[in-house]
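Visitor: Chains as they are written, first to last, in my numbering: chain A, 1 to 250; chain B, 1 to 250.
Honestly, I wouldn't trust all of these hints.
Where chains are identical, the list cannot tell them apart; a pair therefore holds if satisfied intra-copy or between any two copies.
To be verified - Here are the simulated lysine-lysine pairs, DSS-like style, with alpha carbons at most 30 Å apart:
| id | residue 1 | residue 2 |
| --- | --- | --- |
| 1 | Lys28 | Lys115 |
| 2 | Lys110 | Lys28 |
| 3 | Lys28 | Lys187 |
| 4 | Lys33 | Lys110 |
| 5 | Lys143 | Lys28 |
| 6 | Lys7 | Lys65 |
| 7 | Lys88 | Lys143 |
| 8 | Lys186 | Lys88 |
| 9 | Lys133 | Lys10 |
| 10 | Lys7 | Lys181 |
| 11 | Lys88 | Lys161 |
| 12 | Lys115 | Lys88 |
| 13 | Lys161 | Lys181 |
| 14 | Lys88 | Lys123 |
| 15 | Lys160 | Lys10 |
| 16 | Lys160 | Lys115 |
| 17 | Lys143 | Lys181 |
Just so you know, the hints here were simulated from the structure itself, not pulled from any lab data. Bear in mind the structure is a predicted one, so any value in this text is a computation, not a measurement.
Protein chains: 2
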Amino acid sequence: MQRYFIKQAKIFNNQITMSSEDSYHINKVMRMKIGDQIIIIVDERITYLAKILMLNPITRVEIIKEIENNNELPINVTIAHGLIRREKMEDVIEKLTELGTYAYYPVIMKRSSVKYFEERFDKRIERFERIVKEASEQSRRLKLMNVSLPIKFNELLTIKKDFDYALFAYEDEEINSNNFKTIMQKKPSSLLIVIGPEGGYDLVEVQQLIDWGFIPISLGPRILRTEVAPLYLVSAISYEIELGEKNDKS
Amino acid sequence: MQRYFIKQAKIFNNQITMSSEDSYHINKVMRMKIGDQIIIIVDERITYLAKILMLNPITRVEIIKEIENNNELPINVTIAHGLIRREKMEDVIEKLTELGTYAYYPVIMKRSSVKYFEERFDKRIERFERIVKEASEQSRRLKLMNVSLPIKFNELLTIKKDFDYALFAYEDEEINSNNFKTIMQKKPSSLLIVIGPEGGYDLVEVQQLIDWGFIPISLGPRILRTEVAPLYLVSAISYEIELGEKNDKS
Numbered sequence: 001m002q003r004y005f006i007k008q009a010k011i012f013n014n015q016i017t018m019s020s021e022d023s024y025h026i027n028k029v030m031r032m033k034i035g036d037q038i039i040i041i042v043d044e045r046i047t048y049l050a051k052i053l054m055l056n057p058i059t060r061v062e063i064i065k066e067i068e069n070n071n072e073l074p075i076n077v078t079i080a081h082g083l084i085r086r087e088k089m090e091d092v093i094e095k096l097t098e099l100g101t102y103a104y105y106p107v108i109m110k111r112s113s114v115k116y117f118e119e120r121f122d123k124r125i126e127r128f129e130r131i132v133k134e135a136s137e138q139s140r141r142l143k144l145m146n147v148s149l150p151i152k153f154n155e156l157l158t159i160k161k162d163f164d165y166a167l168f169a170y171e172d173e174e175i176n177s178n179n180f181k182t183i184m185q186k187k188p189s190s191l192l193i194v195i196g197p198e199g200g201y202d203l204v205e206v207q208q209l210i211d212w213g214f215i216p217i218s219l220g221p222r223i224l225r226t227e228v229a230p231l232y233l234v235s236a237i238s239y240e241i242e243l244g245e246k247n248d249k250s
Numbered sequence: 001m002q003r004y005f006i007k008q009a010k011i012f013n014n015q016i017t018m019s020s021e022d023s024y025h026i027n028k029v030m031r032m033k034i035g036d037q038i039i040i041i042v043d044e045r046i047t048y049l050a051k052i053l054m055l056n057p058i059t060r061v062e063i064i065k066e067i068e069n070n071n072e073l074p075i076n077v078t079i080a081h082g083l084i085r086r087e088k089m090e091d092v093i094e095k096l097t098e099l100g101t102y103a104y105y106p107v108i109m110k111r112s113s114v115k116y117f118e119e120r121f122d123k124r125i126e127r128f129e130r131i132v133k134e135a136s137e138q139s140r141r142l143k144l145m146n147v148s149l150p151i152k153f154n155e156l157l158t159i160k161k162d163f164d165y166a167l168f169a170y171e172d173e174e175i176n177s178n179n180f181k182t183i184m185q186k187k188p189s190s191l192l193i194v195i196g197p198e199g200g201y202d203l204v205e206v207q208q209l210i211d212w213g214f215i216p217i218s219l220g221p222r223i224l225r226t227e228v229a230p231l232y233l234v235s236a237i238s239y240e241i242e243l244g245e246k247n248d249k250s
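Kindly generate the complete structure, drawing on both the sequences and the hints.
Guide: Dropping the structure here:
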């Protein structure tokens, strides 16, 4: 069933007047009729079944009942990603949303192949938010992944304190005695994971990450491009904690 | 170090004359010089360190020594994917190659949103093979993922016999008592995994898959689009079998 995100403040008398954008989607894209049902997600917390009372020009719906539906990954996975090109970032944002990622921080790094222009990014954030909203609706998430404006490398170092563990994907095996699986066994409730840009980390950045206590992890023997590495990580986390218990022989 | 795939037949007297395409890459893209070293992968089996003897107009290299380098996923994971649009298929092929997938079969299914035109596909296969080659070089694979011409649904059913297990990703939880993790615990050496097209499976197809012994598996509570599901699966498989042993308390 089609899902729409709204704010609590939009509910009056058990009825909701949909935005013009959502009304358009209900009318023209989905071609729904009066009496058809949709799912309304309020403030990213509560899910209601609702039926359409009025369609045109603005759709109004009435709440039928609250429904249970928590599809969220039960761990805060925040990806801090070396700044990449817009089209690639849009693709990563869409896929990470579907995979259940909590937040996405683009990070300005020395070897990023793109420059960051603040004024351009303000416009982009709107588009990113629309991508997140649509991907959340289609993947049936309750929560919208938070996409931050690009942060500086120093800011990345300071947000580490908000997480149980901070990791960074690093292909140099020699420093990779640490193991992503071992970390997952500790059942963290929040993970900050850094992934370098296309050009990789600068050695100064690697040293800073280590100095600040970020743990280097390997993603296996093949070298994944920067736009594949975050998908690998969040997929692996979902597999580890969401796909039911293993038949351990312990 | 840059990697190039060649055939055994190209080696004479310990020297290799590179193709004009690879010569162009070495000369113009990588801007290498005589004496620089590259890695040569012969017949997807043997890896040599080689040095450049001659650059222009065709590059010739000399083998220095054989080097050990098996980065292959130690299990044959073959993805059978409901036919999707060309651009999306190219993206999936590139990412699946990096992730270590063994083979990719596009499958003509009832709800595929694209039609299959054989004559168009012949040209596309060439392009797919170039994508696979480049993605293999950058991810440091020895083996080139095999991309098949689209097969019919009935052919999919008959190739099942070549695999230890045949699975299909299916979002209907009611029939999903089976568990992807349980299958992985059996340490299969080959897996055929079917993923439906954008429109999902037709119910007749689901019934046929079940009748032929394909096992339905869930990919977690969120609904992944058809181009994300295969990435999730191969990432999870790599995580399970390549990222070192867990500290099980058994």
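Visitor: Taking the hints in turn, state whether each one holds.
Guide: Hint-by-hint comparison with the structure:
no. : hint              : result
1   : Lys28 <-> Lys115  : between (39 Å within a copy, 25 Å between copies)
2   : Lys110 <-> Lys28  : between (46 Å within a copy, 26 Å between copies)
3   : Lys28 <-> Lys187  : neither (45 Å within a copy, 49 Å between copies)
4   : Lys33 <-> Lys110  : between (53 Å within a copy, 27 Å between copies)
5   : Lys143 <-> Lys28  : within (26 Å within a copy, 48 Å between copies)
6   : Lys7 <-> Lys65    : within (17 Å within a copy, 65 Å between copies)
7   : Lys88 <-> Lys143  : both (23 Å within a copy, 26 Å between copies)
8   : Lys186 <-> Lys88  : neither (32 Å within a copy, 37 Å between copies)
9   : Lys133 <-> Lys10  : within (17 Å within a copy, 53 Å between copies)
10  : Lys7 <-> Lys181   : neither (38 Å within a copy, 38 Å between copies)
11  : Lys88 <-> Lys161  : within (29 Å within a copy, 39 Å between copies)
12  : Lys115 <-> Lys88  : both (14 Å within a copy, 27 Å between copies)
13  : Lys161 <-> Lys181 : within (21 Å within a copy, 33 Å between copies)
14  : Lys88 <-> Lys123  : both (16 Å within a copy, 26 Å between copies)
15  : Lys160 <-> Lys10  : neither (36 Å within a copy, 52 Å between copies)
16  : Lys160 <-> Lys115 : within (24 Å within a copy, 49 Å between copies)
17  : Lys143 <-> Lys181 : both (26 Å within a copy, 26 Å between copies)
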